[in-house]
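J.: Next come the chains, spelled out residue by residue.
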Amino acid sequence: MKPVRILEGRAVPLERSDVDTDQIIPSDWLKRVERTGFGRGLFSEWRDDTNFVLNQPQYVGATILIAGPRFGTGSSREHAVWALMDYGFAAIIAPSFGDIFRNNSAKQGLVIVQLSPEDVEDLIVLVKNEPTTLIVVDVERLSVEAPELGWRRQFALDPITQERLLEGWDDIGISLRREGAIARYEATSLAPSLRDVFDDAGHARARG
Amino acid sequence: MAGTTLYEKLWAGHVVTAPEDEPTLLYIDLHLVHEVTSPQAFDGLRLNGRRVRRPDLTLATADHNVPTDPLSVAVSDPISRRQLEVLDENCAEFGITVFPRGHENQGIVHVIGPELGVTQPGMTIVCGDSHTSTHGAFGSLAFGIGTSEVEHVLATQTLPQQKARTMSVTVEGLPPAGVSAKDIVLAIVGRLGTGGGAGYVIEYRGSAIEALSMEGRMTVCNMSIEAGARAGLVAVDETTIEYLRGRPGVPDGDAFESAADRWRSFVSDDDAVFDKELTLQAADLVPYITWGTNPAQVVALDGVVPSPEDVADADEKNTLTRALAYMDLTPGTALRSIPVDVVFIGSCTNSRIEDLRAAAEVARGHQVREGVRALVVPGSRRVKNQAEAEGLDQIFVAAGFEWREPGCSMCLGMNPDILSPGQRCASTSNRNFEGRQGRGGRTHLVSPVVAAATAILGRFASPEEVVA
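Respectively, the protein sequence lines represent chains V and U. Numbered according to the working numbering, the first sequence spans residues 19 to 226. Numbered according to the working numbering, the second sequence spans residues 189 to 656.
These aren't lab readings, by the way, just hints derived from the structure by calculation. A couple of the hints might just be wrong.
Claimed, not checked - Covered, in the sense of this in silico footprint (three residues per stretch, anywhere, with C-beta under 8 Å from a C-beta of chain V), are these stretches of chain U:
| id | stretch |
| --- | --- |
| 1 | 208-215 |
| 2 | 285-293 |
What the hints assert, rightly or not - Here are the computed lysine-lysine pairs in the DSBU-like style, where the Cα-Cα straight-line distance is at most 35 Å:
| id | chain 1 | residue 1 | chain 2 | residue 2 |
| --- | --- | --- | --- | --- |
| 3 | V | Lys-146 | U | Lys-505 |
| 4 | V | Lys-146 | V | Lys-20 |
| 5 | U | Lys-351 | V | Lys-20 |
| 6 | U | Lys-197 | U | Lys-351 |
| 7 | U | Lys-197 | U | Lys-464 |
Claimed, not checked - Label-pair ranges, simulated between beta-carbon atoms:
| id | chain 1 | residue 1 | chain 2 | residue 2 | range |
| --- | --- | --- | --- | --- | --- |
| 8 | U | Glu-281 | V | Glu-136 | 48 to 58 Å |
| 9 | V | Val-78 | U | Leu-235 | 30 to 40 Å |
| 10 | U | Gln-469 | V | Leu-152 | 47 to 57 Å |
| 11 | V | Asp-188 | U | Gly-434 | 41 to 51 Å |
| 12 | U | Pro-364 | V | Gln-76 | 54 to 64 Å |
| 13 | V | Ile-178 | U | Arg-450 | 29 to 39 Å |
| 14 | V | Trp-169 | U | Gln-469 | 46 to 56 Å |
| 15 | U | Gly-191 | V | Pro-177 | 29 to 39 Å |
| 16 | V | Asp-66 | U | Gly-579 | 44 to 54 Å |
Quick reminder that beta carbons are idealized off the backbone N, C-alpha and C, glycines included.
Required output: the full structure, derived from the provided sequences and hints.
T.: Quick look at the structure:
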């Protein structure tokens, strides 16, 4: 994953609450075995509508999505994050997020900016009034800013996620450095081996 | 000092290391895998030259996009077929047991884990599927993960985790007749809202939960995620232990008894304190149905479609208005008067043998209303075989239901079982999101008995209305 420090771009307001991951990327897209190309499926049920906000010319090329509460609830599909990033989004600003979506975003470097409902509402008004407004998300200072308008808010990120984003660390690499601890735990683990339950063809072994 | 909750016990028992300033590394006892959220994870392993650390703690099955047509019918969608083949190839390459389409142990991942007895109390269980919460019914910590985390578990058999907060949801007393586990959880999700459980692990407690069978407890835990909670739990009791006895994954004889003794410790202490508590009275519960486009938009089956005028909050009013438009419903309409096009009995929420028995009991000797398509999709091959041994398939087929092969089917629109735009469906599944069952489809979540009665009357109905 690439390090993320400062994101600068225009924003697009998606004024809907409860945008679940089925809306972000419909299940039909989940049949693919690749990790790329999901941007075409982003919000695909809504994108046929020429009035849909992503189709409005003033928002083309926006890299920051502003959404309503409970963004990314529902299905665990990481494809939702891949679709948002493949489309070009680098940060999502909303009052609240689904837990699994939040985790998945951290793994891919999609920055989750949680602001109060009032601040999100403020920002939506600013962006709608002036769609060319430059928005700056600073992962190091944990701030989101519209510098031309003098609008600035702080947001919270747990220190670990922040560090991962700033350093671009791969979680697996970090965990593999704990090999000694994993092996020590494993030596005492009671997790039953499935080799004792199923034969090579997956049939349950005779009991007793 | 206050006692310990079940969640805290499960957590403490799986800490590999808890370095300062880093998330705790938790050991994973069982990793369930399916075709949709795993291909990119296996690819990641290959790219980095990594192996699967514990293939013997990893189990795979094909479920999300298998067609539920007879096995003689080939998988016609080339993209689905490729994904199913890739699962088999990955499992062969990395030494993982897999149950492909047609295998005697194949089925929905959250149905087969418990029925094979590989889901056991005290375990940590993960799967790249948000309904992994189902397995919490066994007093195990089970939660859904994304594909990057699937790759992480494959490579390390661990996951970095932040501790969740704890919530108890107590359902006191016994519910009236006709109120099923599905109605209990719909009531809970309706009460908590889609975000009410976010950041929490829910433990379901109280006499109504204790009285449920394991299958009922699975239905309740399954929908924890619909309230935003990653995991649901039910404490181990004799119901848990008797369910597991004799299943392929558990030991026999004395070894079983000693395992059972250990399992009995997976309960919250009497004086444990939860971060949040919610209590419902079972006597107040009724059969429920969702009217809108998220699982918290629940009303009594006896009720009417709500009106945006009834809510004050502007955001909620907006959500309600949008849901009404999508669902093509008018406020004030009695739910029981609304006709349906399709009835789906299946999914990891309600496709187990007790669900099928309950639905068959309602359907027996009746006919599906003309113009209604009704599907029954057993959760696994074992469930299907059991149902056929009991003659349930004959009851369904005689009544005009389609009796299909096991899989996720019409729960999620990834296989040929989908709604057409504008079709209205009574579904025993877990999500009524826009387009969930097919683009433009309209989903109402209900229990198996309400689904069966609805198929027969052609409109939302309860079993009492189906006169013998």
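J.: With reference to the structure, classify each hint as holding or not holding.
T.: How the hints compare with the structure:
no., hint, verdict
1, 208-215, "holds (count 5)"
2, 285-293, "holds (count 6)"
3, Lys-146(V) - Lys-505(U), "21 Å, holds"
4, Lys-146(V) - Lys-20(V), "31 Å, holds"
5, Lys-351(U) - Lys-20(V), "27 Å, holds"
6, Lys-197(U) - Lys-351(U), "12 Å, holds"
7, Lys-197(U) - Lys-464(U), "18 Å, holds"
8, Glu-281(U) - Glu-136(V): 48 to 58 Å, "52 Å, holds"
9, Val-78(V) - Leu-235(U): 30 to 40 Å, "33 Å, holds"
10, Gln-469(U) - Leu-152(V): 47 to 57 Å, "54 Å, holds"
11, Asp-188(V) - Gly-434(U): 41 to 51 Å, "44 Å, holds"
12, Pro-364(U) - Gln-76(V): 54 to 64 Å, "56 Å, holds"
13, Ile-178(V) - Arg-450(U): 29 to 39 Å, "33 Å, holds"
14, Trp-169(V) - Gln-469(U): 46 to 56 Å, "48 Å, holds"
15, Gly-191(U) - Pro-177(V): 29 to 39 Å, "31 Å, holds"
16, Asp-66(V) - Gly-579(U): 44 to 54 Å, "47 Å, holds"
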